[in-house]
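*Asks:* Spelled out from the first residue to the last, the chains are:
Number of protein chains: 2
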Amino acid sequence: MSLLMSKQRIKAFLSFNSKIQRISKVQLHRMTKMFPPIREAKIDKKIETISTEPMFDHNIISSQHSGLFTLLPFGLRAVEKLINIIDAQMKKAGCQKLYLPHLTSTSLWKKSGRYDDCGSEIFRLHDSKNHEYLLSPTHEEAITSLVSSFQPLSHSNLPIYVYQISTKFRDEKRSKHGLLRSREFLMKDLYTFDKNLTAAKDTYKTIVNVYDDLFTNLGIPFKKVKANVGTIGGIKSHEFHVLSDVGEDSILSCTSCGFSANIDVLSDEHLNTCQSCGTALITKKGIEVGHSFLLGTKYSVPLSAQFKDEDGFHPMYMGCYGIGITRLLAAGIEVLSTENQLIWPKNLAPFKVCLIPPKRGSKEECASHWCYHLEYLINEIANYKDEVVVDDRLKLTVGKRYNYAKEFGFPIIIIVGKSAVNRIPMFELFQENNKMVLSQSDLLQYLKTH
Amino acid sequence: MSLLMSKQRIKAFLSFNSKIQRISKVQLHRMTKMFPPIREAKIDKKIETISTEPMFDHNIISSQHSGLFTLLPFGLRAVEKLINIIDAQMKKAGCQKLYLPHLTSTSLWKKSGRYDDCGSEIFRLHDSKNHEYLLSPTHEEAITSLVSSFQPLSHSNLPIYVYQISTKFRDEKRSKHGLLRSREFLMKDLYTFDKNLTAAKDTYKTIVNVYDDLFTNLGIPFKKVKANVGTIGGIKSHEFHVLSDVGEDSILSCTSCGFSANIDVLSDEHLNTCQSCGTALITKKGIEVGHSFLLGTKYSVPLSAQFKDEDGFHPMYMGCYGIGITRLLAAGIEVLSTENQLIWPKNLAPFKVCLIPPKRGSKEECASHWCYHLEYLINEIANYKDEVVVDDRLKLTVGKRYNYAKEFGFPIIIIVGKSAVNRIPMFELFQENNKMVLSQSDLLQYLKTH
Numbered sequence: 001m002s003l004l005m006s007k008q009r010i011k012a013f014l015s016f017n018s019k020i021q022r023i024s025k026v027q028l029h030r031m032t033k034m035f036p037p038i039r040e041a042k043i044d045k046k047i048e049t050i051s052t053e054p055m056f057d058h059n060i061i062s063s064q065h066s067g068l069f070t071l072l073p074f075g076l077r078a079v080e081k082l083i084n085i086i087d088a089q090m091k092k093a094g095c096q097k098l099y100l101p102h103l104t105s106t107s108l109w110k111k112s113g114r115y116d117d118c119g120s121e122i123f124r125l126h127d128s129k130n131h132e133y134l135l136s137p138t139h140e141e142a143i144t145s146l147v148s149s150f151q152p153l154s155h156s157n158l159p160i161y162v163y164q165i166s167t168k169f170r171d172e173k174r175s176k177h178g179l180l181r182s183r184e185f186l187m188k189d190l191y192t193f194d195k196n197l198t199a200a201k202d203t204y205k206t207i208v209n210v211y212d213d214l215f216t217n218l219g220i221p222f223k224k225v226k227a228n229v230g231t232i233g234g235i236k237s238h239e240f241h242v243l244s245d246v247g248e249d250s251i252l253s254c255t256s257c258g259f260s261a262n263i264d265v266l267s268d269e270h271l272n273t274c275q276s277c278g279t280a281l282i283t284k285k286g287i288e289v290g291h292s293f294l295l296g297t298k299y300s301v302p303l304s305a306q307f308k309d310e311d312g313f314h315p316m317y318m319g320c321y322g323i324g325i326t327r328l329l330a331a332g333i334e335v336l337s338t339e340n341q342l343i344w345p346k347n348l349a350p351f352k353v354c355l356i357p358p359k360r361g362s363k364e365e366c367a368s369h370w371c372y373h374l375e376y377l378i379n380e381i382a383n384y385k386d387e388v389v390v391d392d393r394l395k396l397t398v399g400k401r402y403n404y405a406k407e408f409g410f411p412i413i414i415i416v417g418k419s420a421v422n423r424i425p426m427f428e429l430f431q432e433n434n435k436m437v438l439s440q441s442d443l444l445q446y447l448k449t450h
Numbered sequence: 001m002s003l004l005m006s007k008q009r010i011k012a013f014l015s016f017n018s019k020i021q022r023i024s025k026v027q028l029h030r031m032t033k034m035f036p037p038i039r040e041a042k043i044d045k046k047i048e049t050i051s052t053e054p055m056f057d058h059n060i061i062s063s064q065h066s067g068l069f070t071l072l073p074f075g076l077r078a079v080e081k082l083i084n085i086i087d088a089q090m091k092k093a094g095c096q097k098l099y100l101p102h103l104t105s106t107s108l109w110k111k112s113g114r115y116d117d118c119g120s121e122i123f124r125l126h127d128s129k130n131h132e133y134l135l136s137p138t139h140e141e142a143i144t145s146l147v148s149s150f151q152p153l154s155h156s157n158l159p160i161y162v163y164q165i166s167t168k169f170r171d172e173k174r175s176k177h178g179l180l181r182s183r184e185f186l187m188k189d190l191y192t193f194d195k196n197l198t199a200a201k202d203t204y205k206t207i208v209n210v211y212d213d214l215f216t217n218l219g220i221p222f223k224k225v226k227a228n229v230g231t232i233g234g235i236k237s238h239e240f241h242v243l244s245d246v247g248e249d250s251i252l253s254c255t256s257c258g259f260s261a262n263i264d265v266l267s268d269e270h271l272n273t274c275q276s277c278g279t280a281l282i283t284k285k286g287i288e289v290g291h292s293f294l295l296g297t298k299y300s301v302p303l304s305a306q307f308k309d310e311d312g313f314h315p316m317y318m319g320c321y322g323i324g325i326t327r328l329l330a331a332g333i334e335v336l337s338t339e340n341q342l343i344w345p346k347n348l349a350p351f352k353v354c355l356i357p358p359k360r361g362s363k364e365e366c367a368s369h370w371c372y373h374l375e376y377l378i379n380e381i382a383n384y385k386d387e388v389v390v391d392d393r394l395k396l397t398v399g400k401r402y403n404y405a406k407e408f409g410f411p412i413i414i415i416v417g418k419s420a421v422n423r424i425p426m427f428e429l430f431q432e433n434n435k436m437v438l439s440q441s442d443l444l445q446y447l448k449t450h
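Taken in order, these protein sequences are the chains called A and B. What the first sequence shows, in my numbering, is residues 1 to 450, in sequence order. What the second sequence shows, in my numbering, is residues 1 to 450, in sequence order.
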């Protein structure tokens with residue numbers, strides 16, 4: 001009888017495996033095929049941050065040169081998920097996406113006045129015709145010049161909300177903590193153009209609310225604080241901070257009225273008590289993950305971004321709104337993780353499910369086919385398509401692979417283990433601190449609703 | 001009766017419009033809201049290429065500085081579609097995606113020997129610590145160094161297929177024809193690492209077949225030709241060319257046996273007759289859109305990308321495989337388009353459907369609601385989600401907007417016109433050279449199957 005079951009199972013396994021191969025749209029993910037190969041975590045961990053070393057150890061990022069990082073396949077999957085979420089939020093807010101060149105002529109920065117303000121943190125270079133360019137850290141000049149090139153624009157063409165997601169460059173002298181402070185980083189930068197200050201202020205409110213929603217939906221605790229406009233300039237500015245001891249900004253907050261500001265904007269007499277309600281302020285360190293600027297006409301006047309109405313030509317009122325995508329991912333991981341376990345912001349784990357088949361040569365090995373069977377069925381659930389990785393390092397015990405999956409932070413871990421050889425096979429599903437032992441149909445039902 | 005219908009329709013319109021607004025996942029696309037605003041095509045067209053000027057006129061690309069292009073929202077939509085198609089093909093072939101820094105230390109290029117070979121076409125710069133970097137045109141050194149950093153690797157870790165899609169830089173002195181030859185461009189670059197030459201040759205065959213499929217599926221006519229390995233080096237190389245008079249390479253082809261080569265690789269005595277079968281060769285110009293190299297150990301030896309087996313350490317055998325994404329899009333448009341009409345490669349048009357409601361003040365205006373009704377229903381069809389743009393420039397006649405849509409190359413144009421006021425409203429659907437007059441249900445049925 002048990003031999004018969006085994007034959008049936010082998011047949012089922014083969015049939016399902018070939019079925020999986022035929023589903024060309026789903027790439028099968030196997031730990032043994034992952035580049036780079038999975039490694040043992042290093043023992044000599046630095047303790048400055050909780051997550052930076054584990055992100056190296058777990059093949060999320062890699063670095064060959066100071067401040068320059070490769071997003072490895074695991075890391076890029078997380079980043080692409082974050083990009084998709086941000087794209088959806090931006091488009092919902094009526095923003096249109098474009099893609100500007102990375103090289104900006106310094107002639108534009110001379111027009112805006114930023115060329116002299118920005119120091120050695122900007123990478124500069126000359127082309128073979130000796131024209132000077134910079135590797136853009138932001139694109140206020142480039143986008144304003146672009147908008148201006150479509151003159152004449154009328155008031156009916158406004159507002160214009162345009163954004164891009166691209167690599168930005170900054171020659172950080174103190175690049176550190178992995179993606180938290182790097183010299184190349186992915187940024188979402190939105191630029192808005194309105195017909196007057198009132199409209200620009202309304203836009204500002206709208207986008208700041210979008211940011212609130214975005215960070216909240218990602219499950220990343222953040223604080224919106226008053227900030228200095230700095231070299232980018234403008235009328236007012238807010239920063240979005242993830243509070244963490246590894247942050248480099250000092251954030252003062254009032255526990256009573258909710259007032260919050262970067263220490264940069266407070267005068268000496270306001271450093272101790274809240275300027276709104278007089279309560280004592282508390283100080284925490286913050287990692288800046290987003291920044292909004294009400295720019296006014298700082299760029300539109302020198303770069304001639306105008307519109308026409310019945311009264312003639314007027315400069316547009318601008319805003320700019322950045323999110324450091326790679327930094328946001330890293331900051332989220334840093335504040336959510338524990339010393340023993342990476343925890344990813346909501347919906348950003350590289351794979352939602354890690355499936356663990358039995359060890360080779362173990363008593364449960366005859367149940368291995370259930371693993372690939374489950375892989376197929378879970379991929380059929382819309383929200384889990386392309387979200388399953390099988391840890392097929394069959395030389396390792398299930399326990400060892402479970403520990404790895406836990407450390408890595410896969411939100412759902414499913415073990416095909418001892419109970420999978422039952423007449424009605426049962427599977428162990430782990431999510432957060434819960435363990436469930438479920439039949440196949442219950443397991444699929446659970447996933448459909450989680 | 002007609003008044004009653006009209007009231008019902010207005011009610012239906014309002015109800016559907018609010019329903020559309022509630023579908024937060026679908027962004028509504030309106031020509032009047034597009035940035036940049038739609039313009040009249042310029043009369044003084046240059047005639048060197050068929051498509052470059054129309055791509056500027058139709059807000060697909062824009063340029064502020066020589067050889068540097070912005071992908072405007074229409075252009076970026078097409079590029080993102082092409083990226084998704086390439087991603088799917090790469091993943092189907094078992095490739096893993098990562099993202100390397102754009103800056104590569106020139107110390108790596110000195111190790112590989114490419115630093116001296118590559119002339120002034122490489123952008124170079126120094127950081128504030130006077131370390132020299134280049135803006136990578138390709139990443140052989142960077143990826144080989146990355147792979148090497150994960151030593152020790154065993155034969156069981158091979159093959160490694162890793163690719164990225166990112167902006168590449170080349171300081172072209174003769175940048176021209178828009179995206180066909182620009183100084184920043186999007187490229188897909190795949191690097192493969194095998195345990196020996198035989199395995200590397202098998203990989204080469206596999207990837208070249210993937211390229212064949214890709215170009216074929218896009219409906220872009222191409223020719224695979226023998227090519228020079230140039231400064232990238234290696235054992236053998238093929239280029240993928242789109243044949244066009246604006247191409248800069250000379251491609252010699254035999255009409256009898258199918259032999260095809262870039263003129264660069266042929267010795268003088270083989271320029272006239274086929275070296276395989278003796279037939280006279282014909283010469284055409286080609287735009288290089290893809291390039292494959294069997295690299296051998298050119299990079300793995302100097303940069304120590306080794307693996308270990310029972311006999312000790314061995315260098316890996318590499319291949320590299322590029323596709324110029326922005327150039328492929330532009331080359332496809334160039335060879336498919338006519339003088340009066342852009343024609344996009346298959347599945348790459350920025351929107352599949354352009355919907356045209358009646359002119360404001362026209363007799364048909366009372367049928368306008370059907371347009372937004374259709375927009376909603378078409379968005380419900382899986383393949384058409386987010387694929388509808390409404391040309392709501394209601395001041396313009398339907399005819400004028402139809403001509404615009406035709407010139408732009410929307411694959412499907414739907415007019416809500418005279419027949420939409422019938423008791424059973426009928427709509428005009430145009431695809432390629434066919435015109436159909438369809439009821440709502442027939443129209444939806446047609447789209448579901450096309």
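No lab work stands behind these hints, which were simulated from the structure alone. Predicted, not measured: the structure shown is a model, and the values here were computed from it. Worth double-checking, as some hints may not be accurate.
Copies of the same chain are indistinguishable here, so a pair counts whether it falls within one copy or spans any two.
Claimed, not checked - For lysine to any residue, the following SDA-like pairs were computed, each having C-alpha atoms within a straight-line distance of at most 25 Å:
1. LYS97 with THR32
2. LYS91 with THR32
3. LYS201 with ASN434
4. LYS110 with HIS65
5. LYS129 with LYS400
6. LYS97 with SER166
7. LYS236 with TYR446
8. LYS92 with VAL437
9. LYS33 with LYS92
10. LYS195 with SER276
11. LYS418 with CYS277
12. LYS173 with HIS65
13. LYS352 with ILE83
14. LYS92 with VAL398
15. LYS92 with ASP245
16. LYS110 with LEU68
17. LYS400 with SER256
18. LYS285 with GLN440
19. LYS176 with ASN262
20. LYS195 with ASP442
21. LYS91 with MET31
22. LYS195 with THR273
23. LYS91 with ALA382
24. LYS346 with LEU125
25. LYS363 with THR138
26. LYS173 with SER128
27. LYS176 with SER128
28. LYS92 with GLN431
*Asks:* Should LYS363 paired with THR138 be assigned to within, between, both, or neither, using CA atoms and 25 Å as the limit?
*Replies:* So LYS363 and THR138 fail the 25 Å test inside a copy (59 Å) and across (50 Å) alike.
*Asks:* For LYS92 vs GLN431, is the C-alpha pair at or below 25 Å within one copy, between two copies, both, or neither?
*Replies:* The answer is neither: 31 Å in one copy and 30 Å across copies each exceed 25 Å.
*Asks:* Is it within, between, both or neither when you check LYS236 against TYR446 at 25 Å Cα-Cα?
*Replies:* So LYS236 and TYR446 fail the 25 Å test inside a copy (47 Å) and across (53 Å) alike.
*Asks:* One pair to classify: LYS33 and LYS92, alpha carbons no more than 25 Å apart. Within, between, both, or neither?
*Replies:* Result: close only across copies, 14 Å inter versus 38 Å intra.
*Asks:* Regarding LYS110 and LEU68, is the shortest C-alpha distance of 25 Å or less found within a copy, between copies, in both, or in neither?
*Replies:* between (28 Å within a copy, 19 Å between copies)
*Asks:* For the identical chains here, do LYS176 and SER128 meet the 25 Å Cα criterion within one copy, between copies, both, or neither?
*Replies:* between (33 Å within a copy, 16 Å between copies)
*Asks:* When Cα atoms must be at most 25 Å apart, do LYS195 and SER276 count as within-copy, between-copy, both, or neither?
*Replies:* neither (32 Å within a copy, 68 Å between copies)
*Asks:* How would you classify LYS129 and LYS400 at a CA-CA limit of 25 Å: within, between, both, or neither?
*Replies:* neither (59 Å within a copy, 44 Å between copies)
*Asks:* With identical chains, the pair LYS173 and SER128 could be close in the same copy or across copies; at 25 Å between alpha carbons, which is it: within, between, both, or neither?
*Replies:* Close across copies (8 Å), not inside one copy (27 Å); limit 25 Å.
*Asks:* Which holds for LYS352 with ILE83 at a C-alpha limit of 25 Å: within a copy, between copies, both or neither?
*Replies:* Answer is both: 17 Å inside a copy and 24 Å across each meet the 25 Å cutoff.
*Asks:* Indicate which option fits the pair LYS285, GLN440 if close means a Cα-Cα distance not exceeding 25 Å: within, between, both or neither.
*Replies:* neither (47 Å within a copy, 59 Å between copies)
*Asks:* Could you figure out if LYS176 and ASN262 sit no more than 25 Å apart (CA to CA) within one copy, between two copies, both or neither?
*Replies:* The answer is within: 21 Å in one copy meets 25 Å, while 48 Å across copies does not.
Of the numbered hints listed earlier, those contradicted by the structure are 3, 5, 7, 8, 10, 11, 14, 15, 17, 18, 20, 22, 24, 25, 28.
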